[in-house]
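Knowing the structure of chain P, use the given hints to seat chain F on it.
So you can see what is in the structure, the chains are spelled out below.
2 protein chains.
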Amino acid sequence: MPVSKNFPYEKLIFFATENVNKFNEVRRILAEYGISVAMIKVKTLEIQDDDIEKIARISALNAYRETNLPIVVEDAGLFIETLKGFPGPYSSYVYRTIGLNGILKLLENVENRKAYFKSVVSFCEPNGVVRSFQGIVYGEITREVRGEGGFGFDPIFKPYEEPNKTFGEMTIEEKNKFSHRAKAFRRFAEWYRSVYIS
Amino acid sequence: MPVSKNFPYEKLIFFATENVNKFNEVRRILAEYGISVAMIKVKTLEIQDDDIEKIARISALNAYRETNLPIVVEDAGLFIETLKGFPGPYSSYVYRTIGLNGILKLLENVENRKAYFKSVVSFCEPNGVVRSFQGIVYGEITREVRGEGGFGFDPIFKPYEEPNKTFGEMTIEEKNKFSHRAKAFRRFAEWYRSVYIS
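Read top to bottom, the protein sequences are chains P and F. First residue of the first sequence? That's 54 in my numbering, and the numbers climb one at a time after it. First residue of the second sequence? That's 54 in my numbering, and the numbers climb one at a time after it.
It is worth saying that the hints were derived from the structure and are not from the lab. Accuracy of the hints is not assured; some may be wrong.
A pair counts as met if it fits within one copy or between any two copies, since identical chains are not told apart.
[Stated by the list, open to error] In silico PhoX-like pairs for lysine-lysine, Cα to Cα no more than 20 Å straight-line:
id	residue 1	residue 2
1	Lys75	Lys137
2	Lys218	Lys167
3	Lys107	Lys96
This is chain P alone, in the form it adopts within the complex (with noise of 0.2 Å):
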């Protein structure tokens, strides 16, 4: 039973990103619930952390304040275990300057290429709340560029449940059966359907 349910419409939510990769991963598995999603794009407020859940509770709160609507952030990084964590939090910004070859530079004659994917997806609710879901997937940063799907790192990351792929070499539909991203939003999407949708 909807605890308070004041959102205009149960079945349709929005979700802030301005990428489109990311939307469509997200509205396929959001479909399996039931649930609609509309690319919104919003200036969610985007602090810098080394903990990524912080930076997607404080982008939702932001989010809901600024639109009042039943809106879902979604922030994600990659985690490589020899480099401390990086480029974690600033994976998109990493990505965008020193991008794959930068990462596989930093890796040159390194053993251990243990490393995981996050997401954390957080979502307002109209009392104010945040709750937030996350997913995991690890793996291994791979000794080349392989694939051209996906986006970001996918190229680069190999999950342990698929070894022979990249991210990169695999279609929507098989990301979405590994990926943190997935993951992350199953969780939610159950929750979600429990609480609002009758």
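Relative to the frame of chain P, chain F by itself:
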């Protein structure tokens, strides 16, 4: 003549930082202008943005709102030309993760070693207007770590104006002759003195 002089002490201001090295540099510069400065730990809001002027400005506004003190904030970064400005606004995070050796590795076999440090000092006046002052020092990234002075990326940066030494090989007094931070704080101090100190 003072425009809006409702700060408690004109000759004493506060510098929001947790970095003792920064504080020591700034204390000496401001003393030249007859301004005393106290270190203050205030949780300033640091947003994610490629533009450090914007980061400093929003941070100053929030610091003033929280404390109602004459409080100065600084944001600074190292911008490496061939890395599209990386590490830029995230220099502190990058220093803590991949460190000096990470930067040197990214520049292995790279001829173009041009880089600059940039500092933006922001100060929120009692009327809510934020003043920002910028300082830049151009130079090059060395091929090895040199010196144990300074902090952050100082041991791999040598300014064009003193190409025989890295910032890490300089005393505070020497570094204050050339540094981005010294330039920005001198500009701030000249303005502050003319407006707030009779």
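Evaluation of the provided hints:
1. Lys75 - Lys137: Classified as neither; 26 Å inside a copy, 24 Å across copies.
2. Lys218 - Lys167: Intra 15 Å, inter 38 Å, cutoff 20 Å: intra-copy only.
3. Lys107 - Lys96: For Lys107 and Lys96, both the intra-copy (17 Å) and inter-copy (14 Å) Cα distances are at most 20 Å.
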